[in-house]
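*Asks:* Positions 1356 to 1923 (the numbering used here) are the ones given, in order, by the sequence shown.
None of these hints come from the bench; they were simulated from the model.
Here the structure is a predicted model, which means the values were calculated and not measured.
Glycine included, C-beta positions come from ideal geometry on N, C-alpha and C.
It cannot be assumed that every hint is accurate.
[Said to hold, decoys possible] Cut-off 30 Å, straight-line C-alpha distance, at most; resulting in silico cross-link-like pairs (DSSO-like, lysine-lysine): (1) 1623 with 1596; (2) 1485 with 1516; (3) 1798 with 1849; (4) 1604 with 1516; (5) 1534 with 1485; (6) 1741 with 1800; (7) 1822 with 1872; (8) 1657 with 1575; (9) 1833 with 1800.
[Claimed, not checked] Label-pair restraints from in silico Cβ distances: (10) 1667 with 1824: 20 to 30 Å; (11) 1764 with 1833: 47 to 57 Å; (12) 1603 with 1875: 16 to 26 Å; (13) 1796 with 1824: 14 to 24 Å.
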Amino acid sequence: MDQKLQKSPKNDRDDRPIQHTCAQRTRCDSTFGIISNCYPILTLCVLTLLAGCQTGQPLQQTALPIPPQVLDEEALQNVRFQGLGGSGSRSGSTGPDPSGARPKRAVSDILPDFQQIADTNSESRPEIIKDVQITGNQLLPTHHLTRNIRTRPGRYFDPDKLQQDVNALWRMPEIARVKGPFVDRQPDGVVIRIEVVERNRLSKVEYIGNRGISDRALSKQTGLENGSPLDVHQIRTAKTKIEELYREKGYPRTQVEVLDGNDNDDSKVTFLIHEDQQQRIWKVNFEGNTIASEARLRHIVKSKPGYFKVFGGLAQRTLIDQDVDRVTEYYRNLGYFNAQVGREISESNDGRWLNVRFIVNEGPRYKIRDVKFIGNKSYNESELKKLLQLNPDGEMPVFDATQLNEDLTEVRDLYGSQGYVFSNVTVETRFLEEPGMLDLVYKVKEGKQYRVGQINVHYEGGNSVTKRQVVLNRMTLKPGDLIDVRQIEKSKTKLAGSQIFAAGQPGGAAGPSIVVKPPELKKLEQMAGDRGADGIGGPPTRSAYRSSGGSGARSGGSGTRSGGSGFR
1356 MDQKLQKSPK
1366 NDRDDRPIQH
1376 TCAQRTRCDS
1386 TFGIISNCYP
1396 ILTLCVLTLL
1406 AGCQTGQPLQ
1416 QTALPIPPQV
1426 LDEEALQNVR
1436 FQGLGGSGSR
1446 SGSTGPDPSG
1456 ARPKRAVSDI
1466 LPDFQQIADT
1476 NSESRPEIIK
1486 DVQITGNQLL
1496 PTHHLTRNIR
1506 TRPGRYFDPD
1516 KLQQDVNALW
1526 RMPEIARVKG
1536 PFVDRQPDGV
1546 VIRIEVVERN
1556 RLSKVEYIGN
1566 RGISDRALSK
1576 QTGLENGSPL
1586 DVHQIRTAKT
1596 KIEELYREKG
1606 YPRTQVEVLD
1616 GNDNDDSKVT
1626 FLIHEDQQQR
1636 IWKVNFEGNT
1646 IASEARLRHI
1656 VKSKPGYFKV
1666 FGGLAQRTLI
1676 DQDVDRVTEY
1686 YRNLGYFNAQ
1696 VGREISESND
1706 GRWLNVRFIV
1716 NEGPRYKIRD
1726 VKFIGNKSYN
1736 ESELKKLLQL
1746 NPDGEMPVFD
1756 ATQLNEDLTE
1766 VRDLYGSQGY
1776 VFSNVTVETR
1786 FLEEPGMLDL
1796 VYKVKEGKQY
1806 RVGQINVHYE
1816 GGNSVTKRQV
1826 VLNRMTLKPG
1836 DLIDVRQIEK
1846 SKTKLAGSQI
1856 FAAGQPGGAA
1866 GPSIVVKPPE
1876 LKKLEQMAGD
1886 RGADGIGGPP
1896 TRSAYRSSGG
1906 SGARSGGSGT
1916 RSGGSGFR
């Protein structure tokens, strides 16, 4: 056995692979002989090992070969290695450079151009204002101009806001003209230039020809002072104001002429006043009046002779025309709807005194034929007519606006005292075909009836030291009572007379006030559900409202408000 395994030294080097393989087989056989008791299991292991042992070949040759198509030179020509070059461009390369230098890469069509994206973003990005330059101002400081504009350095450039700033400069009284704006876009921002032209300053304001009115009074009327900016439109308005002042002072035919100040280049304003004779009222007469005496009509008009013919009594033509309207309105309120009033003015020989005569054509006085009510549900027409003074019960009364207003107040108070706090009552006169006859129509919108709910006390201007109960003690209405507008006014008077809260003080509040607000919609729905659960359906009747336990009445909320230290 030993002789068979020995090899000659000459063939040892050539037989090394064979010996290595045989050694592996020997180890496999030995393993099989030692573990013979586990024959079924080890059989599979031996077969696996035998399959992995190559006869007569080294183990290095068992590796898989590289596919030849991966190493194809033609395929490598189409491969592009992408990356950022030194200049920011992209390039491709087919292999390493034999010289060892950094390979140059061609521009890629796969990745986007980052430089183009940066340029696009810079165009869409808001521009920053670098500087705002205002030139042309000589007397006005620059900060006086820039405080009226919102376009300032460091902010984003907005063309609309810039135009608004230019319009603000145009509205300044010291600026006559604005040139621009001129926008200069630079790499580091936007530079805006605006040129302004200032108005000339008034060096002197002069009044020539005024004898009845002093220069100080004229300056106060016109508002022109030395050093103020010259505005042609303002000077023309000042001319009109001077003429109006002279007419108020009894100079009806005074004319004013502007000598200097008609051009924007002027720096001096001169008014030439052609002053006429001052006129006063000597006497006021009335003609054609039968229902009213002259003493009564003189009390209505404002054009009257002065005391002792010296103090007051200035003749104003505009005031005389207004007196015509006052006399006409007086006759209309008495039922003379067709009355016509005119006036005549006569001057004395020297033109200093005026005699004013009012001519009245009264016409027929209208009478009330009938009174009707529309929209009344809680009260019938007969009950409402008992409250009226102008009620044609037997004899037709004549129309009188004063009595009509009193009747209207009575009807409103009736509804307001029974919880109809938001009711609306109006009256309308309807003229008939028969001359001198008319009807009165009262239109009633009752609304809903309310009771007093929560009474909230609100102090405006912060917390007050006055307790809530102090206010409630002066309220004549309590929760559950029908709201009465007359009691509300009475409570308001008591609060104002308590001298606890501010009322009519200079710079303070106007005094306490009571505001009535209807309940919210959710509260009304809840109240309606409660009435349905109690077996009460439909709208509550008038008797239910007036009953002591009127569960069907709706409740409202009232509150008092105060301003500062007092109520409002």
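*Asks:* All hints are to be evaluated individually against the structure, with a verdict given for each.
*Replies:* Hints and how they fare:
1. 1623 with 1596: 19 Å, holds
2. 1485 with 1516: 16 Å, holds
3. 1798 with 1849: 33 Å, violated
4. 1604 with 1516: Given pair residue 1604, residue 1516 is violated - Cα atoms ~49 Å apart, limit 30 Å.
5. 1534 with 1485: 20 Å, holds
6. 1741 with 1800: 19 Å, holds
7. 1822 with 1872: 23 Å, holds
8. 1657 with 1575: 26 Å, holds
9. 1833 with 1800: The hint holds at about 26 Å.
10. 1667 with 1824: 20 to 30 Å: Violated, since residue 1667 and residue 1824 (Cβ atoms, about 56 Å apart) do not stay within the stated range.
11. 1764 with 1833: 47 to 57 Å: The hinted range 47 to 57 Å is violated for residue 1764 and residue 1833, with Cβ atoms some 26 Å apart.
12. 1603 with 1875: 16 to 26 Å: With a Cβ separation near 55 Å, residue 1603 and residue 1875 fall outside 16 to 26 Å, so the hint is violated.
13. 1796 with 1824: 14 to 24 Å: 47 Å, violated
Hints 3, 4, 10, 11, 12 and 13 from the list above are not met by this structure, while the remaining hints are.
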